[in-house]
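Colleague: These are the residues of each chain, in order.
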Amino acid sequence: MALAKVRTVALLGLVGHQVDVEVDISDGLPGYTLLGLPDTALTESRERVRSALVNSGLPWPNKKVTISLSPAWLPKSGSHYDLPIAIALLIAQGVIPHQLPESTLLMGELGLDGGIRFVRGVLPTLIASLSFGSDCAIVPMSNYREARAVPSIEVHGFDLLPDLVEYLCEGGIRSYEPPEVEESATHSLDLIDVVGQVAARRALEIAAIGGHHLLLIGPPGTGKTMLAERIPSILPALRADESLEVSAIHSVAGSLTQRGVLTRTAPFVAPHHTTTTTAMVGGGSHAVKPGAVSLAHAGVLFIDEAPECASGVLDSLRQPLESGSVTISRAVGTVTYPASFLLVLAANPCPCGKFNGRGKGCTCSSLQIRNYLKKLSGPLLDRIDIRAFVEAPTRVEMASEIQGESSQVVRDRVVAARSIAAERFAGESWSINAKIPSTHLRARFKAEREGMAFLHAELDAERLSARGFHKVLRVAWSIADSAGHARPTRDDVELAYLMREGTFL
Amino acid sequence: MMKNQILGASGEEAVMKYVEAKGFTVVDRNWRIKSGEIDLIARTPRGVMTFIEVKSRTSRSFGDPLEAINPEKALRLQKLALAWLVLHGMWGSEYRIDCAGVIFARDGRCEIDYREGVL
Numbered sequence: 001m002a003l004a005k006v007r008t009v010a011l012l013g014l015v016g017h018q019v020d021v022e023v024d025i026s027d028g029l030p031g032y033t034l035l036g037l038p039d040t041a042l043t044e045s046r047e048r049v050r051s052a053l054v055n056s057g058l059p060w061p062n063k064k065v066t067i068s069l070s071p072a073w074l075p076k077s078g079s080h081y082d083l084p085i086a087i088a089l090l091i092a093q094g095v096i097p098h099q100l101p102e103s104t105l106l107m108g109e110l111g112l113d114g115g116i117r118f119v120r121g122v123l124p125t126l127i128a129s130l131s132f133g134s135d136c137a138i139v140p141m142s143n144y145r146e147a148r149a150v151p152s153i154e155v156h157g158f159d160l161l162p163d164l165v166e167y168l169c170e171g172g173i174r175s176y177e178p179p180e181v182e183e184s185a186t187h188s189l190d191l192i193d194v195v196g197q198v199a200a201r202r203a204l205e206i207a208a209i210g211g212h213h214l215l216l217i218g219p220p221g222t223g224k225t226m227l228a229e230r231i232p233s234i235l236p237a238l239r240a241d242e243s244l245e246v247s248a249i250h251s252v253a254g255s256l257t258q259r260g261v262l263t264r265t266a267p268f269v270a271p272h273h274t275t276t277t278t279a280m281v282g283g284g285s286h287a288v289k290p291g292a293v294s295l296a297h298a299g300v301l302f303i304d305e306a307p308e309c310a311s312g313v314l315d316s317l318r319q320p321l322e323s324g325s326v327t328i329s330r331a332v333g334t335v336t337y338p339a340s341f342l343l344v345l346a347a348n349p350c351p352c353g354k355f356n357g358r359g360k361g362c363t364c365s366s367l368q369i370r371n372y373l374k375k376l377s378g379p380l381l382d383r384i385d386i387r388a389f390v391e392a393p394t395r396v397e398m399a400s401e402i403q404g405e406s407s408q409v410v411r412d413r414v415v416a417a418r419s420i421a422a423e424r425f426a427g428e429s430w431s432i433n434a435k436i437p438s439t440h441l442r443a444r445f446k447a448e449r450e451g452m453a454f455l456h457a458e459l460d461a462e463r464l465s466a467r468g469f470h471k472v473l474r475v476a477w478s479i480a481d482s483a484g485h486a487r488p489t490r491d492d493v494e495l496a497y498l499m500r501e502g503t504f505l
Numbered sequence: 001m002m003k004n005q006i007l008g009a010s011g012e013e014a015v016m017k018y019v020e021a022k023g024f025t026v027v028d029r030n031w032r033i034k035s036g037e038i039d040l041i042a043r044t045p046r047g048v049m050t051f052i053e054v055k056s057r058t059s060r061s062f063g064d065p066l067e068a069i070n071p072e073k074a075l076r077l078q079k080l081a082l083a084w085l086v087l088h089g090m091w092g093s094e095y096r097i098d099c100a101g102v103i104f105a106r107d108g109r110c111e112i113d114y115r116e117g118v119l
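Protein sequence lines, in the order shown, are assigned to chains S and D.
If you're matching positions, the first sequence starts at 1 in our numbering and goes up one per residue.
If you're matching positions, the second sequence starts at 1 in our numbering and goes up one per residue.
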């Protein structure tokens with residue numbers, strides 16, 4: 001048969017498009033034409049496929065080869081088309097005696113030696129292919145664990161092209177085991193390591209309960225990074241669907257092997273302050289890759305030395321902070337990635353970093369200090385719900401043998417408080433306090449009478465903006481949940497107000 | 001260089017025998033003008049003028065002989081074929097261009113990959 005068709009998927013963001021790889025071998029001078037808007041990596045597939053076939057002892061057709069990737073209008077990128085092209089070539093030459101069923105999906109990059117190499121994005125591809133009715137996938141062995149996370153698809157992993165060809169020729173059925181038990185959340189960092197920091201610990205706990213964004217201010221070396229890194233350890237384990245979504249994003253970014261498939265641990269992403277806007281929100285010319293905000297989806301995005309960031313970078317966070325997703329438009333298409341994260345910013349109190357306590361040793365002028373913190377733009381700071389000052393531990397705290405609470409203890413309280421909130425929001429589109437829409441906040445989710453009176457007084461005195469008013473109420477709900485109050489009391493509201501100003505405790 | 005010319009000549013010789021065995025009448029060999037050369041010109045039993053490009057090799061280690069015919073070369077062949085037809089007063093008659101890849105084994109036997117009407 002001189003004509004063959006094999007199915008694969010083109011991934012744009014997390015959205016999959018079904019792609020048919022059609023191969024036609026006709027008489028004529030030897031030649032190779034690849035149709036269907038391939039990018040550079042894909043055009044290079046010719047050399048990889050040819051060498052892989054020849055070095056595996058498989059025939060390469062010395063005829064006119066036409067390969068069409070359809071739909072033709074969809075721009076295609078990446079190296080995962082190598083394997084479908086090679087298999088289609090072998091079917092067209094009659095080496096593999098039968099066509100593959102349309103429900104079988106192939107993806108993989110080929111090495112010159114005939115090895116089948118790792119590719120990005122296998123997990124979202126398989127999830128997407130469910131909607132096309134795929135029931136079997138052939139993937140590189142190095143992607144096998146990832147692919148098996150999709151339970152309803154039969155997955156076969158192969159390391160070498162000849163092995164796969166032998167398998168397809170004989171049509172033998174490999175034993176297929178159901179996916180392993182899902183992994184649980186594991187944490188290598190624990191809050192128990194943090195000495196003192198009563199205020200910051202409290203701020204962290206409230207932030208974790210309600211999903212409130214946090215600004216940590218403190219001199220260098222007092223533990224801002226240490227605290228932030230430990231936030232995932234006090235967050236509840238991800239739900240199965242969240243875990244799959246997070247893994248799919250990391251699969252596209254190629255960082256899934258570091259993270260582990262289907263881990264229930266919330267991700268922690270800490271881009272450097274010199275990062276670019278593209279790295280932060282995602283982008284790229286060929287394939288639109290997810291940025292730090294999407295990699296931190298369902299977890300923590302930590303930006304140390306936030307005032308040192310280029311201002312555009314920090315302001316690019318405003319859209320994902322509002323909508324919980326980012327939409328990136330490039331020549332290849334428009335891509336939307338989920339980006340719902342807990343933002344943690346860290347800043348020194350002044351450029352030299354010594355302006356704390358009595359301000360001893362600080363060499364900055366008041367103007368410098370003001371300009372430094374002014375770099376965090378007003379609109380961004382307005383979205384921060386909790387500010388916490390991180391002070392150097394005192395001598396007493398350092399010498400004390402009493403350890404702080406462990407992450408486990410704090411996490412149990414967070415989980416308990418979140419379940420109270422989830423019960424209250426049953427049937428709503430949100431489940432954490434930070435996401436309560438403001439209209440509902442003013443109607444159904446008010447604080448107790450004295451609490452509201454306090455807020456109204458602050459509004460009258462113009463010490464609180466409308467947005468601030470809602471933010472304080474949301475934090476107050478988290479405080480109430482942690483204290484077991486049915487509604488935020490006046491004390492809860494006052495504490496929330498002070499947390500927003502960073503002046504509590 | 002000498003060696004390659006002998007190789008080319010024996011390849012053309014082999015292809016000539018091959019097409020004659022198929023019933024072609026050879027009209028011209030190594031027809032050369034300033035812009036190039038046509039290896040073999042023959043008339044098929046049906047009377048179609050056929051221009052044949054022969055590529056000879058001693059092994060496949062540099063790829064298939066026919067792979068040496070790139071788009072540039074193909075265009076030149078087209079032009080040469082038309083030039084031949086014009087000069088022989090046959091402009092407008094039916095013609096085609098064939099290619100033949102010849103591989104000479106060490107023992108002197110040769111293998112001919114003949115493709116009709118490829119350009």
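Honestly, I wouldn't trust all of these hints.
The list that follows gives simulated cross-link-like pairs (lysine-lysine, DSSO-like), each with its CA atoms no further than 30 Å apart [said to hold, decoys possible]: (1) K374(S) - K360(S); (2) K446(S) - K79(D); (3) K79(D) - K17(D); (4) K73(D) - K3(D); (5) K5(S) - K3(D); (6) K22(D) - K79(D); (7) K34(D) - K3(D); (8) K374(S) - K354(S); (9) K446(S) - K34(D); (10) K375(S) - K360(S); (11) K17(D) - K64(S); (12) K5(S) - K64(S).
Calculated directly from the structure, the hints in this document are not laboratory data.
Colleague: Between K5(S) and K64(S), does the CA-CA distance stay at or below 30 Å?
Modeller: 17 Å, holds
Colleague: For K446(S) and K34(D), compute the direct alpha-carbon distance and say whether it is at most 30 Å.
Modeller: 95 Å, violated
Colleague: Does K374(S) pair with K360(S) here, judged by a C-alpha cut-off of 30 Å?
Modeller: 22 Å, holds
Colleague: Would the hint linking K73(D) and K3(D) be met if the CA-CA limit is 30 Å?
Modeller: 23 Å, holds
Colleague: Would the pair K34(D) and K3(D) pass a check requiring their Cα atoms to be no farther apart than 30 Å?
Modeller: Holds, at about 24 Å.
Colleague: Taken at face value, is the distance from the CA of K17(D) to the CA of K79(D) at most 30 Å?
Modeller: Cα-Cα ~26 Å, so holds.
Colleague: Is it true that the CA of K5(S) sits at most 30 Å from the CA of K3(D)?
Modeller: 45 Å, violated
Colleague: Check whether the Cα positions of K446(S) and K79(D) lie no farther apart than 30 Å.
Modeller: 87 Å, violated
Colleague: Compare the distance between the alpha carbons of K22(D) and K79(D) with 30 Å, and conclude whether the hinted pair is satisfied.
Modeller: This hinted pair holds, its Cα atoms lying about 26 Å apart.
Colleague: Regarding the pair K375(S) and K360(S), is the alpha-carbon distance no greater than 30 Å?
Modeller: 24 Å, holds
Colleague: What's the verdict on K17(D) and K64(S), does the C-alpha distance respect the 30 Å limit or exceed it?
Modeller: Since the Cα atoms of K17(D) and K64(S) sit roughly 26 Å apart, the hinted pair holds (cutoff 30 Å).
Colleague: Please work out if K374(S) and K354(S) have their alpha carbons no farther apart than 30 Å.
Modeller: 18 Å, holds
In summary, the structure is inconsistent with hints 2, 5, 9 from the numbered list given earlier, while agreeing with the others.
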